[in-house]
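Chemist: Chains as they are written, first to last, in the working numbering: chain D, 1 to 115; chain Z, 1 to 111.
Mixed in with the good hints, there may be bad ones.
Claimed, not checked - Take a look, some chain D residues computed to stay more than 12 Å from chain Z by CB distance:
1) N28
2) R68
3) A81
4) N84
5) F105
Unchecked claim - Mimicking DSBU-like on lysine-lysine, the simulated pairs with C-alpha atoms at most 35 Å apart in a straight line are:
6) D:K70 with D:K57
7) Z:K70 with Z:K38
8) Z:K3 with Z:K38
9) D:K57 with Z:K16
10) D:K70 with Z:K3
11) D:K57 with D:K9
12) D:K71 with D:K9
13) Z:K38 with D:K14
14) Z:K3 with D:K9
15) Z:K38 with D:K71
16) Z:K98 with D:K57
17) Z:K70 with Z:K3
18) D:K14 with Z:K98
19) Z:K38 with D:K83
20) Z:K98 with Z:K3
No wet-lab data here; the hints were simulated from the structure. Backbone N, C-alpha and C fix where the C-beta goes; we use that ideal spot for every residue, glycine too.
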Amino acid sequence: DGGITQSPKYLFRKEGQNVTLSCEQNLNHDAMYWYRQDPGQGLRLIYYSQIVNDFQKGDIAEGYSVSREKKESFPLTVTSAQKNPTAFYLCASSRETGGVNNEQFFGPGTRLTVL
Amino acid sequence: AQKVTQAQTEISVVEKEDVTLDCVYETRDTTYYLFWYKQPPSGELVFLIRRNSFDEQNEISGRYSWNFQKSTSSFNFTITASQVVDSAVYFCALNDYKLSFGAGTTVTVRA
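Could you build all of it, start to finish, from the sequences and the hints given here?
Modeler: Put into structure tokens, the structure is as follows:
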């Protein structure tokens with residue numbers, strides 16, 4: 001079955017540590033995205049990538065980093081520079097970024113808690 | 001300025017009641033798409049419906065229907081004869097050059 005997988009489902013981090021969230025898709029989509037969701041708020045875009053080896057900052061990229069070495073994979077690293085990292089992180093993909101008609105497909109999310 | 005506004009934070013209904021979710025958007029583009037997504041307690045966002053800016057025809061799909069009015073920049077979504085499984089957070093989203101989400105409306109359907 002085609003879809004998006006994210007791991008782990010729950011992640012706990014000590015202050016000052018970097019952590020990497022995994023996102024894999026087998027939909028053959030060109031574009032991938034990372035969003036952050038806080039309670040009572042909509043999704044905010046962290047980073048997105050239109051093609052392999054290329055990615056762009058979203059609205060709240062500070063304290064995060066990404067890579068896109070393979071079409072299927074778009075890992076997100078939450079660095080110690082991110083002051084308030086506790087949140088729910090969602091990965092998504094779509095056929096392409098430029099097409100405004102393309103719906104995005106979402107993974108199940110990773111809930112990150114900083115202890 | 002918020003591009004997508006969902007004024008209702010929470011809605012609670014009894015099973016079989018209809019539920020209408022409001023969405024107002026803001027864009028300067030003439031070509032754009034509007035979406036509704038559902039987020040059940042599991043957390044994954046599920047795509048429900050899509051409407052482009054040139055098609056104001058309102059449609060019904062099963063128990064879902066939507067009312068798109070370009071003149072008032074509104075894209076309301078209705079669940080008819082609600083069921084407990086409809087309990088979720090519903091997000092309205094606008095894609096003009098990037099996807100912008102509203103804050104979401106939590107719908108609780110009580111048996």
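Chemist: Are the hints correct? Go through all of them and say.
Modeler: Consistency of the hints with the structure:
1. With a closest Cβ-Cβ approach of about 17 Å to chain Z, N28 (chain D) is found to remain outside the 12 Å limit, as its non-interface label requires.
2. Interface exclusion of R68 (chain D) from chain Z stands, the closest Cβ pair being 17 Å apart, more than 12 Å.
3. Interface exclusion of A81 (chain D) from chain Z stands, the closest Cβ pair being 24 Å apart, more than 12 Å.
4. With a least beta-carbon separation of about 18 Å from chain Z, N84 (chain D) lies farther than 12 Å from that chain, consistent with its non-interface assignment.
5. Not every beta carbon of chain Z lies more than 12 Å from that of F105 (chain D), the smallest distance being close to 7 Å; the non-interface claim is violated.
6. Between K70 (chain D) and K57 (chain D) the CA atoms are separated by roughly 18 Å; this keeps the pair inside 35 Å, and the hint holds.
7. For the hint linking K70 (chain Z) to K38 (chain Z), the alpha-carbon distance of about 23 Å falls within 35 Å, and the restraint holds.
8. Distance restraint check for K3 (chain Z) and K38 (chain Z): the Cα-Cα separation of roughly 19 Å lies within the 35 Å cut-off, and the hinted pair is therefore satisfied.
9. Annotation: proposed proximity of K57 (chain D) to K16 (chain Z) is violated, straight-line Cα distance about 44 Å (limit 35 Å).
10. At most 35 Å may separate the alpha-carbon atoms for a hinted pair to count; K70 (chain D) and K3 (chain Z) meet this at roughly 33 Å.
11. About 24 Å separates the Cα atoms of K57 (chain D) and K9 (chain D), which keeps this hinted pair within 35 Å; it holds.
12. Straight-line distance between C-alpha atoms of K71 (chain D) and K9 (chain D) comes to about 22 Å, which keeps the hinted pair within the 35 Å bound.
13. Taken as a hint, the K38 (chain Z) and K14 (chain D) pair is honoured in the structure, with Cα atoms around 32 Å apart against an allowance of 35 Å.
14. For the suggested pair K3 (chain Z) and K9 (chain D), the alpha carbons sit about 30 Å apart, so the restraint of at most 35 Å is met.
15. As the CA atoms of K38 (chain Z) and K71 (chain D) are separated by approximately 27 Å, the hinted pair is consistent with the 35 Å bound.
16. At roughly 12 Å between alpha-carbon atoms, K98 (chain Z) and K57 (chain D) fall within 35 Å of each other, so this suggested pair holds.
17. The straight-line distance between the Cα atoms of K70 (chain Z) and K3 (chain Z) is roughly 15 Å, inside the 35 Å bound, and the hint therefore holds.
18. About 33 Å separates the Cα atoms of K14 (chain D) and K98 (chain Z), which keeps this hinted pair within 35 Å; it holds.
19. For the suggested pair K38 (chain Z) and K83 (chain D), the alpha carbons sit about 29 Å apart, so the restraint of at most 35 Å is met.
20. As the CA atoms of K98 (chain Z) and K3 (chain Z) are separated by approximately 11 Å, the hinted pair is consistent with the 35 Å bound.
In this structure, the earlier hints numbered 5, 9 are contradicted, and the remaining ones agree with it.
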